[in-house]
Amino acid sequence: MNVAAQLRTRAFPDQGQGRLEVRNVSKSFVVNGAPVEALRDVSLDVAAGEFVVLLGPSGCGKSTLLRLIAGLEPEFRGSISQDGDAIAGTSLDRGIVFQEPRLFPWATVSQNVALGLKNAPLSERAKREAVAAHIALVGLDGFAQAYPHQLSGGMAQRAAIARGLVNRPRLLLLDEPFGALDALTRARLQVELQRIWAHERITMVLVTHDVDEAVLLGDRVIVLAPRPGRVSRIFAISAPRPRSRTDDDLVRIRNDILRALGDGEEDGSGGTPIGGPA
Amino acid sequence: MAGFRRISGRVIVAVLRQLTKLGWLLILPAITLPIWIVGTDRGWLPEQILPCPGDVLHTLRDMIASGELAQHAGYSLRRVALGFAIGAAAGLVVGSAMGLSRRVDDYVRPLFTAIAQVPALAWIPLAMLLLGIGEGLKIVVIAKAAFVPVVMNTSAGIANVPRAFVEVGETFRFTPLQMLRHVVLPGAIPPIFTGLRYGLTHAWIALVSVELLASSEGLGYLLVWGRQMFWLDTVLVAMIVIGVIGFLSDRVLAVVETRLQRWRIDGVR
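Line by line, the protein sequences give chains A and B.
Residues in the first sequence are numbered from 1295 upward in steps of one, following this note's numbering.
Residues in the second sequence are numbered from 175 upward in steps of one, following this note's numbering.
Simulated from the structure, these hints should not be mistaken for lab results.
Cβ atoms here follow ideal geometry from the backbone N, Cα and C, with glycine treated the same way.
Among the hints, erroneous ones may be present.
Quick partial rundown of chain B residues pointing at chain A, CB under 8 Å, derived from the structure [stated by the list, open to error]:
1) 184
2) 192
3) 339
4) 346
5) 367
6) 431
Calculated from the model, a selection of chain B residues having no Cβ within reach of chain A, i.e. all distances over 10 Å [stated by the list, open to error]:
7) 186
8) 232
9) 271
10) 281
11) 305
12) 342
13) 347
14) 357
15) 363
16) 383
17) 388
18) 419
19) 420
Derived lysine to aspartate or glutamate pairs resembling EDC-like cross-links, with alpha carbons at most 16 Å apart [said to hold, decoys possible]:
20) 1412/A - 344/B
21) 1412/A - 424/B
22) 1412/A - 1387/A
23) 1412/A - 1394/A
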């Protein structure tokens, strides 16, 4: 068993498995006095340890859904539960990584990660170990004492992932975590995330509008349609891991998804071009 | 060898830059001082109205030697220290409450704005009737002067801490106290310090005003007394000392500010 998994077993021996149930969830916002329906009757199940991608164009409510699961938006209709318990507010058992790293600029990388453990039921020593282990996990050894402004965009997002994982949540939510990065860094971090997911064996729900990213990472890709946001199609991806972008199955599913999104035929856009079937 | 030359070159550039900065700073004195010297020498203005720089320097030296200056400055500094401490502390509390709570802000802001719009000087007549002309009056007027900018900057600074950071705290289940300690206060430190610096400047200005009107000691009193006695050298000495102390106290706060925000300074480099 790896160090991180050992730490988790020790800290939360009888914790759930990270199963997620979203039942008939609807959410409206009031914009300029008029209600806007962001999500209508969304239901989905995520199995423990599964990697699910929420994919869709902007305005499909995918980020809203993620924020509801995180517990950051208390008001919605329907129900969301993790391992059978209805979510009420945020929880240390659900980590979240935002599109911007959101690191506190006044704290070092290690302090930022350590802040995540403020309310964890661990001894000071266990906390120090957990912080170091997670900084190592995301490949930031040697940068623990760096301030966020001294990091590149990719490194900052790695630190944010370490912070999201440091509480050993069973469920990690990722809201377009690589959306603001350059293509090369994004590709590298996608591979990293795949490795971390395999290593941690936790449930991950990732929001993106990048089809390539979705098929590379997801066990299932849930395509949402906009205005109001709702589930339009679900694609299961059974390709073995670790995956390669050029895998035939992935390319085929990618094209299916692009067609489902309605722009597959025109230019095959939506991300970095990948090699066609050999 | 080459490395040494490169380093010494960099040092020379840095020194030159500092000298240019100093040069710009000294332009105005370099123009006015000769005019002052020539003016008094030629008798453009009577000596009773504008004494020559030598006399002012002489008086300054005398007043330092006799301890008179230190005594007056001591009175003034004690008043400012106490008034500023009270005003700034109250300002931090009220400003934080306004920044943290929409409701408190709604209730308090109209009254606060009304109070703030009446200058510290204009409070003196009323305060004099209520408090007499003792130390209480001076402390209250100085505290009020410091209070206003501290409240304005603290409340704005706290209210403007990005929602994104607060959400991070929420996902970590921060208690209100943890949120304050780890998110809100660090995020609001720059504007809070701006408020404190303004507060100190305003406190110092208010001190001189209140000492001008109601005091028998202190630097402001020295001004009035010198004028009444037509000792314009004393008046000028008092003005110089007021300016220098004000400048130095602002610098002290500026240094504390940069210390508290290492992470920002490193960022600039």
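To see whether the hints hold, each was checked on the structure:
{"no.": "1", "hint": "184", "result": "violated (22 Å)"}
{"no.": "2", "hint": "192", "result": "violated (26 Å)"}
{"no.": "3", "hint": "339", "result": "holds (6 Å)"}
{"no.": "4", "hint": "346", "result": "holds (5 Å)"}
{"no.": "5", "hint": "367", "result": "violated (13 Å)"}
{"no.": "6", "hint": "431", "result": "violated (13 Å)"}
{"no.": "7", "hint": "186", "result": "holds (29 Å)"}
{"no.": "8", "hint": "232", "result": "holds (51 Å)"}
{"no.": "9", "hint": "271", "result": "holds (23 Å)"}
{"no.": "10", "hint": "281", "result": "holds (25 Å)"}
{"no.": "11", "hint": "305", "result": "holds (42 Å)"}
{"no.": "12", "hint": "342", "result": "violated (5 Å)"}
{"no.": "13", "hint": "347", "result": "violated (5 Å)"}
{"no.": "14", "hint": "357", "result": "violated (7 Å)"}
{"no.": "15", "hint": "363", "result": "violated (8 Å)"}
{"no.": "16", "hint": "383", "result": "holds (38 Å)"}
{"no.": "17", "hint": "388", "result": "holds (44 Å)"}
{"no.": "18", "hint": "419", "result": "holds (32 Å)"}
{"no.": "19", "hint": "420", "result": "holds (30 Å)"}
{"no.": "20", "hint": "1412/A - 344/B", "result": "holds (12 Å)"}
{"no.": "21", "hint": "1412/A - 424/B", "result": "violated (36 Å)"}
{"no.": "22", "hint": "1412/A - 1387/A", "result": "holds (14 Å)"}
{"no.": "23", "hint": "1412/A - 1394/A", "result": "violated (22 Å)"}
In terms of the numbered hints stated before, the structure departs from hints 1, 2, 5, 6, 12, 13, 14, 15, 21, 23, listed from lowest to highest.
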